[in-house]
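A.B. asks: Given chain D, work out where chain F should sit, using these hints.
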Amino acid sequence: MPEILFGLFLVFVVLPLWFIIHTLTRLSSLRRSLEEVGQSLGAQLSAVRRELALSRQRYRRLRRRTRRLARHLGLLPRPEGRPSEASPPPPSASASRRERPAARSARRPPTGAPPRPVPAARPIPPLPPVAPPAPSAPPVPATAASPLPSAPLPSLAPEGGEPAAAPATVGAPEPSPPSAPPVPSSPAVDGGSPLSAAEPSPPPSAVAAPPPSPPPLPVPPVPRPPSRPRAAHRARLDPETMAATLENPVSIEPLPGEEASAAAIGTLDGRPPGFGRRPPPDEPPPAGSSWFEQLRASLSGEEWEAVVGGSWLNKLGALILVIGLALFLNYSYGHLGPAGRVATGYAVGLALLGAGLWLERQERYQIFTLGLKGGGWAALYYTSYAVHAIDASRLIESPALGMLLLVGVAAAMIAHALQYRSEPMACLAYFIGYATLVISPRSDYSLLASLPLLASLLIASYRREWDQTPLLGLILSYACYALGYGDVFWRPPLPGALVSGKAILVVHWLAFEAFDLLEVARGRRSTGAARAIFPVNAVGFIGVALLHAPSGDPYALPHFLAMTGAGYLVSTLIRAWLRPPAGFAPATPILERALAGSYEGAVSLTTGLLAVALWLRFTGFRLIAGFLLLAEMLFVTGRQTRQSFLRWLGLLVYELGALYGFHLMVTVEAARELFGLTMKAWTPGLGLLIAVGYLDALLLPGEPAEEFDGQSRAGFSVAATLLAVLCLASNLRGQLHGVAWLALALILLEVARRTTRPEFAWQAYGVGALAAGTMVVQNLARDAGPAAWEPWVALGGPVLLTGFTAWRLRFGQSGNLPLDHVPPVSDLSADVAVGALLGLLWHLLPPGLVALGWGVVAVVAGEIGYGWGWPRLRRHLQVVLALTFGRAVMANFTLLGDTAGLSHRVLTVVPLLALFIYEWLRGAEEASASASGSGDGDDGAPLAGEPSSASEATGQPLPATFRPGGMTLAERDWQWWWLYPPTIMAAMLFRFEFGRVGMVTGWALLTVGLVAVGRRARLGHLRAQSYLLAVMTFLRCWGTDFLPPSALPGAFDPNRVDRLLAGIAVVLAFFIAQFQLPRREDPADDGQLYPFDRQFRSAFCVMGALILTKLIYHEVSGHALSIAWGCEAALLLAAGFALRDRPLRLSGLFLLFFCVLKLLVYDFANLEGAWRYLSFCLVGALVMGISWAYSRFRDKLREYF
Amino acid sequence: MKRVRTIGLLMLLVLLIGSALVVTLGRSRPSPVGFQAVVEMALDAQRDLDQVGKQATRISEADEMRLGEEIARRARQWWPMASSDVQDYVREVGRRLARHVRRPGIRYTFHVIDDGLVNAFALPGGQIFLMRGMLQFVETEAELAAVLGHEIAHVDLRHCIDLFHYELLVKKVAGAAGRVFGGDLTEFVIQATGQIGVLVHRILTMGYQKQLEFDADEQGWSLAVAAGYDPEAAMATFARLDDQFGGSASPRPPPRNPAAEIAGAIRTAAGSYFHSHPPTIERLRHLRQVKQANAAGLAGQRFYIGRWNLRHLTPRSREERSTSDEFRTY
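If you're matching them up, the sequences are chains D and F in order. With the numbering used here as the guide, the letters of the first sequence map in order to residues 1 to 1201. With the numbering used here as the guide, the letters of the second sequence map in order to residues 1202 to 1531.
The shape of chain D in the complex, shown without the other chains (with noise of 0.2 Å):
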């Protein structure tokens, strides 16, 4: 039911009401294009005006010289009578200009109600002239700063009969008369306002024949406080203001003088003055006017001892003695009945108050007699007012007739305060009158007391234009109302009860809205305490209302902030239709605009209560639509009428759902179906929310925007990415996080792409970030989920989102995007589409192929880097291979199983060698068509037959890094690194297929071809991994003298063939790797390593010879050593003299001394038999003979050295 209620009332209050605001709102818009048509024709008017004033000055300036002269040649006789023939002469322009509104004040038939006193008081400041001035009107000077009283002066009449057009104008040529100095206006006519502090007022008899005027009040002046028109005088009469205005004569805006003065005799256009038209821009308050400067004024001329000793104290006790005397009636006090209790009260109160206006005729007494008056008026109204509602002194029982009783002392007292004119004084009877409604028993009749009261106060306020005092009367009233009266605000009247609390607290906030209001309407709201009238009163009667709040009734309270909401929705319509926010600058502040009574404040008030009362009043989905519903309304409206303000309102409604869905993505656990799918129960209630907020953001206007706008575009869209980052984290497992943030990261760039709101981007690579940090954590360092799908939809999603962005971006249109943010996206979109595709073959493929799955991707990503120009494609096929390379060090020496025959080892390590060698052979293509001009290689010129890029599409050059063009200079520096893995991976498949020891042969091999290729394409690199592997290859075989460890020398050893054949294999390789190296250095060489080119041949020769002999020692151990030796050492010298090399021959001679020292010393001790003997002679034949050969070639030889 309740919602139903609720329900009702969206639909049968707040949408009309929304509709009556567009409608006047649309109203308002209209007005304010008549109004701007009016001031134009009226503008027009006023030059035709001038210009016909002038023309009729120019004729009777004529009219004048021509009499003149007639008079002089006596054509015409000359008037008697006339004390001079020299009239006046005409005012100026400018002058005729400025004392218009007084001549129209002039020409106004006298009524019989006196002249509004204000407008007439008012000093008319000069106007700068709106033309240069006439010759005949030089600037205004200082002296002539003196306003004029409104009032014509008969005496100044012009001839003619015609309206006076010229009074004692200032800036006259002719001197003024003594008698009429700057003439101030009556004190009694204008409040007492003096011309300037320093000029005292003359003497009434000083004003020259007064205009009808009421008569005096037979009180002294009582003093004032400096209020805002005085000082905001003295300002104006401030000789550097002077100054400050006649150097700028554009400046023509009418002051607030002039405003008073053109409401006091109508508007050209016949409305009422102040209302419904657009109030003149605020004024800041006058410099000096705080609080201590005000009482410094209000004591000037004062002792401040007589002001408190004769004012202050006097109030006191006037106070004090009415409180006594309300007790008095209060009291039941035997001695006297009701009837003595009223009459002593009459009594008192008659007596202060005839006190009170006997003594203020003396003017020591004037201060003095204001707590007389003031305690005698609240004597007299608390008696009344006890003469029905208080027990002990009740002689009415009528609560008709006590009431009018009360009504009537009430009016008395306002219409005696406002004679006085004095704020302090009624501000003091205000004071008193609440104060015995507190001390008073609860009653109805002392509900209704405050009724009339209330009335009197904001009548006079707004008759007086005081603004203190209904500020005073608020915090009186509300104060009043809750300390006696706050719970009858929500309970039921009771039957027969005159009036409900709640009416009367309801009738107190309307009355001063209303007062707020009326001032908004006639533009006075620039001072502090009127500007503190509406949110004084929206507080305080919120406040009261919520002190005593049921706790029993959980609809009371949304009901009650629902239909205040409703209450300031009228307000704010009133204050929209009243200062339509064209009337504000465009740069003011919003705070500014609120206080000042535009509707900014009022429908943020309404926002407030009703999306608190709908936090009260709801929860779960019917919360979050309440909240939209809200949003939204103030969202189309502010679209409709263009008020940015509105829409940055609904922005702030909709965060409060955000927030509210935030807490329910915490709070709530539970979940349901929805077609057929299982997600939180929020899950359809933060869609919604989400997707307002896009839709929102989408129809705000985008860059540039108004005011707020930009703010409403980030709010909505961000909230709304941030609840959908979070509800996809709470429906999706940890895996799938990645790919539907990633996705969700992608719609937003593309709205950033092809709208111009850069927000959009920004939540887009934030979303991004953290997908592919997500992706990281979530596939890559976690376990994948027990479903077949979930690494294809978890990574093969992002592959193809950020492929395709990737490619989107960096070769079709970047749209709306700054261009500086094209290349980062796409290079960060191709890294994550990238690392998503190794992280999915990973996640696919057996540990042993993920190596060559990887490698494809690698020759892909190369080929589209080199084919098109993409250098970050290239720097992926650099990071991939690595990656390869390291994955196949990982997984695929050590793998297992067999294809026939062939080990898995083999069939995954070669092709990954394929794969090295063609990259790098596609590399080197490519540096070097770089860097023969071919390519564009530093320089971003694109090569020929590439696609267009985003560039072409925007016209703008695009960073180097993102230009397509060659390999760059560093690229191609770094690109023998990739001769190093082929090499690894060779030496390390040799390692694992054939073993320890018997992988040699490969080394050997390796090395060989290494030294021919790196020879041969002068690649020192290869080189030097030869000369490495040669090294290792060499201590291998010394360490483990080609016998692996199941071999064994004697019964057992069915690989011997083998052993041999690998030793005689690694030691021809050797030799051959020697005589692959140049003899001598090569100029045409690149001259990479080539020192260790030349010592390497030599160390080639050395290690086979050593590697030989190591072997023969182990084949041929025992006495046959030497021979076999000493042949070896003979194979040497004989290759080293046929081959013609130094190194073999060397090798052969100390291998040659070695075998003698052996047979010397070894041999001769331990050999026995033939094998003694045989040794010796077979050893010595071989040295003979290459002592023979020696000799025969010497002369060669002598060639060779």
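Bear in mind the hints are in silico, worked out from the structure with no lab data behind them. Treat the hints with care, since some could be wrong.
No more than 25 Å apart at the CA atoms, straight line, and that leaves these computed lysine-lysine pairs for BS3-like [said to hold, decoys possible]:
#1 F:K1255 to D:K1158
#2 F:K1373 to F:K1255
#3 F:K1255 to D:K1110
C.D. replies: Chain F alone, transformed into the frame defined by chain D:
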């Protein structure tokens, strides 16, 4: 040139994808993923370098045997020895194996400790110790031969003396310096410095101790096979050791994310460095590979099992049973 490149690219892609398909269609076994390959390559290089120094300062077999006898004497004082018939039986089996060693100059001595531990160890110079528990654990003489062959291989491949190599060297250098320069201080300083170096060397070479076990398994298997014992006996022994004493309780499930794979690889590599013995299951796998590599040499031969001989502590050299269950023919 572009055409050649295109053809090369296509061939490369075909090679990569085709290899993957071939591997997928073939017979694959669970393979470890980690840094074993890199670690083994590094340890290989370390061992090669270490061998250069050791071969240059080789200790003679006489010194080695002297050292071994000294340590064995202390061991015999420390542990109780088994009965003489057991000692004789083990000695006979061991001597049959020692005929095929690479270093025939080493004189092998076999001891049986009267202890229930299932263990055996070797000392430099051919001192082989076997616990009674191990003798009770093996089921055939061929299995006993495999155990003894493993210990003999440690001696024959110089694993034992290598442990004391630099220690003896330092002692020799210090003694020579003391004699040349005089004074105990010089000898003490050189010996203390040398011992620090030895300690550092031992820590550095700790990584390839597992590889030495593999080598000893391999040569021990060869020694047993060369002596005519069943090649399957070593595998049976390791399988039973693995069953009874664990070491490879349950294989770890394969990692299900890349980070776990890398973390596991690092953990395995770091942990395995300080292991003196590889897991039994790996040794078993290695022996199977050795047997497979030597399958050609085994073909057609007949090998002895010796279940009865062990039960009766009668060595094969004394009585060889001719029943079919005592032989295995390949």
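A.B. asks: Look at each hint and say if it fits the structure.
C.D. replies: Hints, verified against the model:
no. : hint               : in the structure
1   : F:K1255 to D:K1158 : holds, 22 Å
2   : F:K1373 to F:K1255 : holds, 15 Å
3   : F:K1255 to D:K1110 : holds, 16 Å
Checked against the numbered hints above, the structure violates none of them.
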